[in-house]
Amino acid sequence: MIIRPPSHWFLRLFAWHGSVLPGIWFRLMLNLLMSLIAIMCLDWYETLGIKLTLAPFSLLGVSIAVFLGFRNSVCFGRYIEARMFWGNLLIACRTLQRQALAISPADAPRVTALLLAFCYSLKHQLRHSDARADLQRYLGDEAEDVLKRRSPANYIELQLSQWLAEQRRRGNLSDILYAHMDSNIHQLSQVLGGCERLASMPVPFAYGLLLHRTVYLFCTLLPFALVPDLHYMTPLVSVFISYTFLSLDTLAEELEMPFGLAKNHLPLDALCTTIEINLREMNLEQDLPDTPRPDSCYRLT
Amino acid sequence: MIIRPPSHWFLRLFAWHGSVLPGIWFRLMLNLLMSLIAIMCLDWYETLGIKLTLAPFSLLGVSIAVFLGFRNSVCFGRYIEARMFWGNLLIACRTLQRQALAISPADAPRVTALLLAFCYSLKHQLRHSDARADLQRYLGDEAEDVLKRRSPANYIELQLSQWLAEQRRRGNLSDILYAHMDSNIHQLSQVLGGCERLASMPVPFAYGLLLHRTVYLFCTLLPFALVPDLHYMTPLVSVFISYTFLSLDTLAEELEMPFGLAKNHLPLDALCTTIEINLREMNLEQDLPDTPRPDSCYRLT
Amino acid sequence: MIIRPPSHWFLRLFAWHGSVLPGIWFRLMLNLLMSLIAIMCLDWYETLGIKLTLAPFSLLGVSIAVFLGFRNSVCFGRYIEARMFWGNLLIACRTLQRQALAISPADAPRVTALLLAFCYSLKHQLRHSDARADLQRYLGDEAEDVLKRRSPANYIELQLSQWLAEQRRRGNLSDILYAHMDSNIHQLSQVLGGCERLASMPVPFAYGLLLHRTVYLFCTLLPFALVPDLHYMTPLVSVFISYTFLSLDTLAEELEMPFGLAKNHLPLDALCTTIEINLREMNLEQDLPDTPRPDSCYRLT
Amino acid sequence: MIIRPPSHWFLRLFAWHGSVLPGIWFRLMLNLLMSLIAIMCLDWYETLGIKLTLAPFSLLGVSIAVFLGFRNSVCFGRYIEARMFWGNLLIACRTLQRQALAISPADAPRVTALLLAFCYSLKHQLRHSDARADLQRYLGDEAEDVLKRRSPANYIELQLSQWLAEQRRRGNLSDILYAHMDSNIHQLSQVLGGCERLASMPVPFAYGLLLHRTVYLFCTLLPFALVPDLHYMTPLVSVFISYTFLSLDTLAEELEMPFGLAKNHLPLDALCTTIEINLREMNLEQDLPDTPRPDSCYRLT
Amino acid sequence: MIIRPPSHWFLRLFAWHGSVLPGIWFRLMLNLLMSLIAIMCLDWYETLGIKLTLAPFSLLGVSIAVFLGFRNSVCFGRYIEARMFWGNLLIACRTLQRQALAISPADAPRVTALLLAFCYSLKHQLRHSDARADLQRYLGDEAEDVLKRRSPANYIELQLSQWLAEQRRRGNLSDILYAHMDSNIHQLSQVLGGCERLASMPVPFAYGLLLHRTVYLFCTLLPFALVPDLHYMTPLVSVFISYTFLSLDTLAEELEMPFGLAKNHLPLDALCTTIEINLREMNLEQDLPDTPRPDSCYRLT
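Chains as they are written, first to last, in our numbering: chain A, 16 to 316; chain B, 16 to 316; chain C, 16 to 316; chain D, 16 to 316; chain E, 16 to 316.
Treat the hints with care, since some could be wrong.
Where chains are identical, the list cannot tell them apart; a pair therefore holds if satisfied intra-copy or between any two copies.
[To be verified] List time: in silico EDC-like cross-link candidates among lysine to aspartate or glutamate, alpha-carbon distance up to 16 Å: (1) Lys278 to Glu181; (2) Lys66 to Asp244; (3) Lys163 to Asp302; (4) Lys278 to Glu291; (5) Lys163 to Glu296; (6) Lys66 to Asp190; (7) Lys163 to Glu269; (8) Lys163 to Asp145.
The hints are simulated quantities; they were obtained by calculation from the structure and are not laboratory data.
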């Protein structure tokens, strides 16, 4: 689900939906509370034995920034890789469709149906949602057979492969063209395998845990270190620093598993519709679905 | 649109067009204003309860620098990837043209026309501009048919594929050569799919938002933290630091969507002309377009 | 062996199994002890000639953070590469199985057996465990012959290659299809060679050594530098900073050799089972193994 | 043009030719001058209203270091990519030569001539120098025809492609071998396209400009910030810091366009000679050119 | 030459052979000496006009850490790339051997001999050592002919190519299988070209020089900046910081040219032996060499 930015820069600065604020405002309020406590306790610091200065937090903050930078590039890399797989899926579908149209035009609709079933099946597998309706639209009665499998997308790919083998057996395809088209089915395999890898394999849990813990503890202790210097300005600066660190931590976690329905996740619905429009237009069909557009909240699922 | 640097180093230091200054001078003026306010308020700091020191801003500034570095490499990576796609487009066009000349020289002009139509169509799709004039120049009456499609470039590629299939059906191409040339059409597919991916998929909005907000707030508060130490030197240092951070933030945003007409965007016009010169020279045509050169302001669209 | 995170955020913060705490609590306790010693000695600092301030440790800490960031990306890169190889193994196995089913369905079970033997053999080779039981399940009497070899996985791949050559000699496969399928056997070769490379070639020992030493010495001296400023807060801050640095150091070391049985290592058992389910389902077999699930401690081997 | 380091470590430390000192000593002298001015003005600081402390420069310096690190990896990446293209050129030339020798040994000298003409033509194109002498050596009268073209290297590649097509038409090459060898000509295309991309497309001008400006201004102001603390040691420390920052900035700029004749640029002459030796040795020719060696100043063009 | 780490963690911390200490202890002693001089001079600081504080060194140290991090990833990248080439060499050799066994088993020993001669020849070329003994073992009298060439490995590859062409001419190989196997010989070409590129092309000399100079000067001046704060603790902290920076600088330099015989260089002997074992086992030979094992000092050449 992708949020499109409002176009005016002033609206952007105060955008709520697109930002990570909804996810962290509670923790920012906690931080504000800690700042107020820190200000109130300042007079009893001597008595309470609290002596915190900013210097060690400076060292710690910069170190955490370096590690957050590392974690962000890792999680963002997963997001980019996921998007790349869906881009490759579009390319492979177009190419297979193009080759089917060039070599055996009569079979193109069958290929289109199998390719679209593959795409929707992959989407539902990644989102753990029910693929029945979409599969029945493209495969009819075959859908039940597919839905019984543990890996429906792989099974659909196998059907495509069987169709190709059938063409070769009937003599419609030479071995060379069979091998040539089979290489593109292999592209589907790579997309499927790649998406499954991303979905089944998060970044080692300990990384996220480590950064959550240090970021939370850092933000909690920060007001007490700031208050001797900043006094009444503590809440402002403390919430500002916490906002920066918590946002990046939250954003990294959101991008780590990019196939869901949260904000900043991939718009798999829109991507499937785009592939559908492309393939069906190549068949010169007329009643194409609408191009996906973000809704009134700038959202695209 | 690319700005060529003036050659003399002194002119470079004060270059206005090439730099990001035109986009941020208003914000720098605001920063200067804040600095002056900070200097004037300095005497009432005690009364106003303002106590800001540089230490927490130092921590924050270094953290923001790390995150800006991350965002810059991401956005610059998109720019490089976009340029790479257009480089691959040139390579694929040359190779297809070379193969057409080697295998069936009589058809080379048709291939040239389709390839150039593909390039211009992709350019107009990426810039949301009108492709009619360019397509009519290369495709004549076919242009109308192409312009009706949702994805004209993909449709042109399909025509190229059909031409190739026609050659095979007529027996001009063996299956092997058909598969060999079809692999290069697949390259066009990858360029098209890749450019569409970049154009439809910005860096998650929340990243830019987060950095805009922190950079703006940082620059706004900075003068108040600098003024107790630097007094009258505050404006100089504050504007200097703001210039560094705002420039990088602005530059990153500009490079994020590299297909537009802003400064530092890709010179798609010049790239299309270069491809045209290359392909038509291979056909030994005489009246080639001029090599694109930057204008008097060092600009190249 | 992969630890799945508990789903509730509160449980996550205090998760023990998934974190690196079990590996470093002893060193954290040592650090606590040093902090207490530092507090106790504070009064005799003058006499003992100890004068440590935080400034040089700040410089050192940030430098170590930069180098730890570098080491983490290197070790994490190895982990990702290892996972990528196993992902490619799944893709190559599916493709070979799909091609066998398309071209010569009667032989598919033999191909399945060889592919699964290859996967299990690779797993046992990487974990230095006994492959006999698994190989006998798939290869029967041939297993003994395989087990005698220095590189059993390579030998199994050779059998697959011989089977393919036999098909070609008998005329079941044209040269084109032979070359096409042989390219996928080459994929197995690349997975095997890549895993062997990772397993036989750690990051240069001196890197880890250098970081261990500096991190340990840094954490040991830190309390003495913190105590003049923080006094009774020294243990809290010192253990916090040590936790951050030691965790990252430990995690990097764990991910460096990702084929073992430690926490955060790759779940090779589950990956092998997944491949088995996929291949046998493609043969329409019924009694498939269960999908691997994490145990009650969220662990997956 | 590459500088080989002197072998003794003492000589290395004081090496002049290999370092970037010749390019920055003037700016270092300016910096020294500013330091002296700062020392002399120190007594009038109060009067002049100059109050600069090191703290904001520390924040700025570390930020600039992060951005310089980013710019260095970008420019160094271009240098590596350029070298990689020339490495691939050597590999492609060897492979084409090897295949020509294996398939049609009588034609090998013609292939050698075309390949070497391609390499030298690419070199001269990248260095904007005159290719006439080199092309005439390999192509004889054909050279004039080539030199008339806008893209001579591409035209030579077209000749190679035509030669291959001629072989196929005469029946010397089956379609399979034609396609196989044509793939290697495609490698030449990729080298050519890649080098042209690097040469025509600098890093966005605004990046370099931004860093030049901040580095220069930073180094100019630095002495005034250092002098209150360091007094007479200001020149030493200021020149040292300036040396570090200016060197990296200069080096990045030098590596950005690696095809020229400056220090640290690629030794295209030596690379062409190496390719020539390799190809002619494969033809068993005797009078090979000498292996390129650095001159007395350790330079290699 | 690779050092295997001792297994016990306590032994590891004090490991001498694996660490970079032997290379830098002299410079660390110099640093200790400077610290002692700094302590002794402290009383005359006023008189000598020495006023050094830690703040500018903090800025400089962090900047150097960022640049060292950059240089380390560049040099480590070369090391990894070199290892990758040798991993690909193993894969290509196994695949060629596998294909030879599948297609023409009688010729397999000849292929094995040529492949092993290629590997050993490459090793000796990279290490500038004498290849005669190894080549004679595999090629017999042909060895002399090979040794006369400027690029023996390329010449051996040419022999392999000629053998393949001979098979095609005799009708043992169809054009398809010829092209298929020739692609794997191309892999050998890429390994050879890649290794030559790494060996002939160091990181630009100015990078290393710049970092050597700044690191040395930094470590030399550091004690004088530390001594006003730390007094008698100066030697401890100064040597510690110097150890960190000098080690990384030394390590980066060692990994830059990874084909030598220094510590942390690639164990080319062991890699060649591994390839030999693999290829000869595939021929079902009995008297295989022993698997390479590290010696008593954990070394592997």
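Hints versus structure:
no.	hint	result
1	Lys278 to Glu181	neither (44 Å within a copy, 47 Å between copies)
2	Lys66 to Asp244	both (12 Å within a copy, 7 Å between copies)
3	Lys163 to Asp302	between (31 Å within a copy, 14 Å between copies)
4	Lys278 to Glu291	neither (24 Å within a copy, 36 Å between copies)
5	Lys163 to Glu296	between (31 Å within a copy, 11 Å between copies)
6	Lys66 to Asp190	neither (79 Å within a copy, 79 Å between copies)
7	Lys163 to Glu269	neither (32 Å within a copy, 39 Å between copies)
8	Lys163 to Asp145	within (12 Å within a copy, 35 Å between copies)
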